[in-house]
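Kindly generate the complete structure, drawing on both the sequences and the hints.
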Amino acid sequence: MAQAKTYVRPMAGWWRRNPYFVRYMIREGSSVFLAIYTVILLVGLYRLTQGQAAWAGWLAAMTRPISLLFHWVALITVGYHAYTWWKVAPKTAPDLRFGGRPLPEMIITVGGLAATLGASVLIYVIVRWL
Amino acid sequence: MKRSHEPIFWSLFGAGGVLSALIAPVLIFITGIIAPIGIWMPPEALDYPRVLGFAQHWFGKLLILAVISLFLFHAVHRIYHGLHDLGVHAGTGAMIAAYGSALAGTLITAYLLLAVGF
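If you're matching them up, the sequences are chains A and B in order.
Taken in order, the first sequence gives residues 23 to 152; the numbers are from the numbering used here.
Taken in order, the second sequence gives residues 321 to 438; the numbers are from the numbering used here.
Honestly, the hints are just simulated from the structure, not real lab data.
There may be inaccurate statements among the hints.
Claimed, not checked - Computed list of chain B residues with no C-beta within reach of chain A, every gap over 12 Å:
#1 K322
#2 R323
#3 H325
#4 W378
#5 G411
#6 M415
Stated by the list, open to error - Pulled a few chain A residues facing chain B out of the computed Cβ check, cut under 7 Å:
#7 L64
#8 T71
#9 A75
#10 P87
#11 H93
Quick reminder that beta carbons are idealized off the backbone N, C-alpha and C, glycines included.
Encoded structure:
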């Protein structure tokens with residue numbers, strides 16, 4: 023059977039055509055950096071079970087320039103994920119109502135960002151001083 | 321109608337999304353940047369006895385397991401669905417590989433948390 027010669031719009035590089043989709047791909051791409059970071063933590067736990075010398079080796083590897091570069095990129099992309107997560111939270115969260123009115127979208131987003139800031143400060147204080 | 325597995329995976333994705341939105345940036349900043357270069361964080365913060373004590377405490381174990389497991393389930397869900405965006409029409413094999421690796425990471429973490437002692 024003859025193939026109909028209809029125009030099919032090429033999809034290669036579709037997300038580079040629109041800044042909205044570029045941001046979408048950065049957000050989704052953050053998961054790759056999160057996955058690699060998690061594996062690094064998992065390796066750290068494994069080295070911890072092997073004793074003091076192995077743990078020191080893991081710490082030393084974390085100071086290498088390639089490691090620092092990776093963690094900077096991971097921080098930026100995963101930080102962007104955190105921002106977008108709270109940005110869409112009003113759409114994805116359960117319907118919260120106070121006095122019959124839905125909670126304003128702004129409150130949910132700002133509340134989430136404040137929770138991230140609060141948790142970050144708390145963890146920093148615990149790791150540094152406790 | 322065949323029942324979908326999606327609600328389970330979406331719940332794990334969502335839980336990992338919330339946990340990573342809350343604490344992943346600060347964890348990356350501490351363990352990957354300021355502790356290694358020793359700025360704003362004393363070098364002894366990640367000393368062996370201290371981190372070992374954390375991993376041997378029941379609450380530390382719970383946190384480590386939650387972080388590694390939920391971060392992995394969140395990430396593989398996005399990577400798996402992201403394949404479609406890149407023009408890869410992944411089948412059941414890719415699905416098993418994605419969620420299977422998150423499950424494997426969870427089981428390995430649980431084993432290491434037992435191996436590290438109490």
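To see whether the hints hold, each was checked on the structure:
| no. | hint | result |
| --- | --- | --- |
| 1 | K322 | holds, 25 Å |
| 2 | R323 | holds, 23 Å |
| 3 | H325 | holds, 19 Å |
| 4 | W378 | holds, 16 Å |
| 5 | G411 | holds, 19 Å |
| 6 | M415 | holds, 16 Å |
| 7 | L64 | holds, 6 Å |
| 8 | T71 | holds, 5 Å |
| 9 | A75 | violated, 9 Å |
| 10 | P87 | violated, 10 Å |
| 11 | H93 | holds, 3 Å |
In this structure, the hints that do not hold are numbers 9 and 10, in rising order.
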